[in-house]
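**Student:** The lines below spell out each chain.
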Amino acid sequence: MKPIQLKITFIIATVLLLVFIFGGLVTYSIADISKYNTSKIETLSKTPGDLSEVYIKNWQNQIKYKEKKIWIFAGLLLMTIISGLFFLRHYLISRIFAPLFEMTVKMLDFLNGKFSYTFETPTQDEMGQLQTTFNSMAQEVLRNMEELKALDEAKSDFLNIASHELRTPMTSIKGSLGLITAGALGKLNDEVMSLMKIAESETDRLIRLTNDILDMAKIEARKMPLKQGWCNLEDILNKTIEGLLGFSTASNVKIKLHEFRPISVFADPDRFQQILTNLLSNAIKFSPTSKPVEVIVVAQQSKQIVIQVRDHGKGMSPEQKSVLFQKFRQATSADNPLVKGTGLGLAIAKALVEEHHGEIGVDSKPNEGSTFFFTLPQWKYNDLAEMKAS
Amino acid sequence: MKILLAEDDESISKITKMTLELIGKHKVTAVFDGEHACKLANEKDFDLILLDGMMPKMNGLDVCRAVKAGPKGSVPVIFLSAKSQESDIREALRVGAIGYIQKPFEPATVCQQIEKIMKEYGEKVA
Ligand SMILES: Nc1ncnc2c1ncn2[C@@H]1O[C@H](COP(=O)(O)OP(=O)(O)OP(=O)(O)O)[C@@H](O)[C@H]1O
Ligand SMILES: [Mg+2]
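Residue numbers (our numbering), protein chains in the order written: chain X, 1 to 390; chain E, 1 to 126.
A portion of the hints provided could be inaccurate.
Anything over 10 Å on all C-beta distances counts as not near chain E; from chain X, calculated [said to hold, decoys possible]:
#1 Trp71
#2 Ile72
#3 Ser83
#4 Ser94
#5 Glu102
#6 Thr123
#7 Ala182
#8 Leu185
#9 Glu191
#10 Gln301
Below, a list of computed lysine-lysine pairs in the BS3-like style, where the Cα atoms sit at most 30 Å apart [as the list claims (entries may be wrong)]:
#11 E:Lys57 with X:Lys197
#12 X:Lys187 with E:Lys124
#13 E:Lys119 with X:Lys227
#14 E:Lys25 with X:Lys227
#15 X:Lys197 with E:Lys124
#16 X:Lys187 with E:Lys116
#17 X:Lys254 with E:Lys116
#18 X:Lys187 with E:Lys2
Source of the hints: derived by calculation from the structure; they are not laboratory data.
From a predicted model like this one, the values you see are computed outputs, not experimental measurements.
For every residue, glycine included, the Cβ atom is placed at its ideal position computed from N, Cα and C.
Next up, chain X with everything else stripped away, as it sits in the complex (with noise of 0.2 Å):
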């Protein structure tokens, strides 16, 4: 109902019920007043003769009279209910419907996020109440949103200084130790340079180790978001490869990448790397040297992609198998001693994989290598124009 119609509605029933009562009124008081019935007994009863027939026009004149009377009254009473009706329809949707519906509106609103839309003038009656409820509760949940939020801001804040104050002296460090290693300044003895190749590679560790808490943090708080783009599966794959060719023949481990159909995933191009490297950097670390790292692609048709990274290595039992996607847990036993990493890797793998409302998982049994792999939803060939999932 909007403001218009309701005002047209209660003008509607004004004018009735005036109308009515005064014309109503109007009517019945000439008919009251016209003296032409009472003048017409009188005169009748005036003339001698016949008396009963006096009696009996008499009579005749009072009814119709009577029953003039009564269908003005009638009249008068439908007027006044059908006005009534008007001024009841007017009430209900003016105090209660019209009311009921604003409410409904102001919560659809605030359950959109609109927390400001409150009631400016609450009413005075049993509505009014409600609605200064409404308004408290929704001055408590703006409040307490902006405490989160500070509080979000904050952390954020502190996210990003922790960043920069950690990696500007782990970047002075490995600058200072990598100029002094390469020689830059003259030829090191074997001794001291194997002091620095330590000071060096620890470095590293500590670089790579501040990087998996920040991110870890970061995709905790949400402070990760995805920049999302369709991207050559093939180029982000062989970028991968290209930048763990350090560590691949350190440990002298090939990564051989299985063919397969050109394909381009809907994905974070550096997050999705990110994915791979800890993937890959397990299993260059868990594989014999003898046997290939492999990488494969499996497109399910019209459902999503697969991809695989499979070693050769010990693989392993179901109970180290639970724990290996949690932070800063390592599959450990007796005779897999504790390696050297932090346990974050993965946990940063499966979070990273279900930003993108991808899967991952890992199918292995114990002295039979272990298969990693990690699902994407959206892909598509590149030499299909249409997307294959959504």
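Starting from the known structure of chain X, fit chain E with the ligands onto it as the hints suggest.
**Tutor:** Chain E with the ligands in isolation, oriented as in the chain X frame:
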């Protein structure tokens, strides 16, 4: 090459300068804030400008914008970035930088990285 290096952290600045001079045999002028970088970039002739993302007074992005709009707009700009400034980097590439080098960088390879970016840029321009 004559390189202008804008980096606010003194240690990093010193190491980067040494790396570029000792390994790359470049000539490096170091400044420690954005305003200075802007002023020098517009006054003197450089073959390359290296900008840190976060700097006092003017950040790298602002410097890059200002230089690109100024008289020496054709001088290539490369960013030195910490990982947390990825979005800024993308913005920087849009504003006219030709590449970026991730911090912490490897002194042994940073000169090669610069060369690679410059070469790709040279091919693109030609
Ligand atoms: N391919 C694999 N074969 C056997 N075990 C594995 C394999 N990948 C992971 N694991 C087990 O899972 C554990 C957790 O892996 P994750 O990548 O999370 O941590 P990490 O490699 O120990 O440390 P980080 O990756 O943080 O340096 C590893 O310590 C290892 O025990
Ligand atoms: Mg790992």
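**Student:** Now tell me, hint by hint, if it's right for this structure.
**Tutor:** Checked hints:
{"no.": "1", "hint": "Trp71", "in the structure": "holds, 85 Å"}
{"no.": "2", "hint": "Ile72", "in the structure": "holds, 84 Å"}
{"no.": "3", "hint": "Ser83", "in the structure": "holds, 68 Å"}
{"no.": "4", "hint": "Ser94", "in the structure": "holds, 53 Å"}
{"no.": "5", "hint": "Glu102", "in the structure": "holds, 42 Å"}
{"no.": "6", "hint": "Thr123", "in the structure": "holds, 50 Å"}
{"no.": "7", "hint": "Ala182", "in the structure": "violated, 4 Å"}
{"no.": "8", "hint": "Leu185", "in the structure": "violated, 7 Å"}
{"no.": "9", "hint": "Glu191", "in the structure": "holds, 21 Å"}
{"no.": "10", "hint": "Gln301", "in the structure": "holds, 35 Å"}
{"no.": "11", "hint": "E:Lys57 with X:Lys197", "in the structure": "violated, 38 Å"}
{"no.": "12", "hint": "X:Lys187 with E:Lys124", "in the structure": "violated, 39 Å"}
{"no.": "13", "hint": "E:Lys119 with X:Lys227", "in the structure": "holds, 28 Å"}
{"no.": "14", "hint": "E:Lys25 with X:Lys227", "in the structure": "violated, 38 Å"}
{"no.": "15", "hint": "X:Lys197 with E:Lys124", "in the structure": "violated, 39 Å"}
{"no.": "16", "hint": "X:Lys187 with E:Lys116", "in the structure": "holds, 27 Å"}
{"no.": "17", "hint": "X:Lys254 with E:Lys116", "in the structure": "holds, 26 Å"}
{"no.": "18", "hint": "X:Lys187 with E:Lys2", "in the structure": "holds, 27 Å"}
Of the numbered hints listed earlier, those contradicted by the structure are 7, 8, 11, 12, 14, 15.
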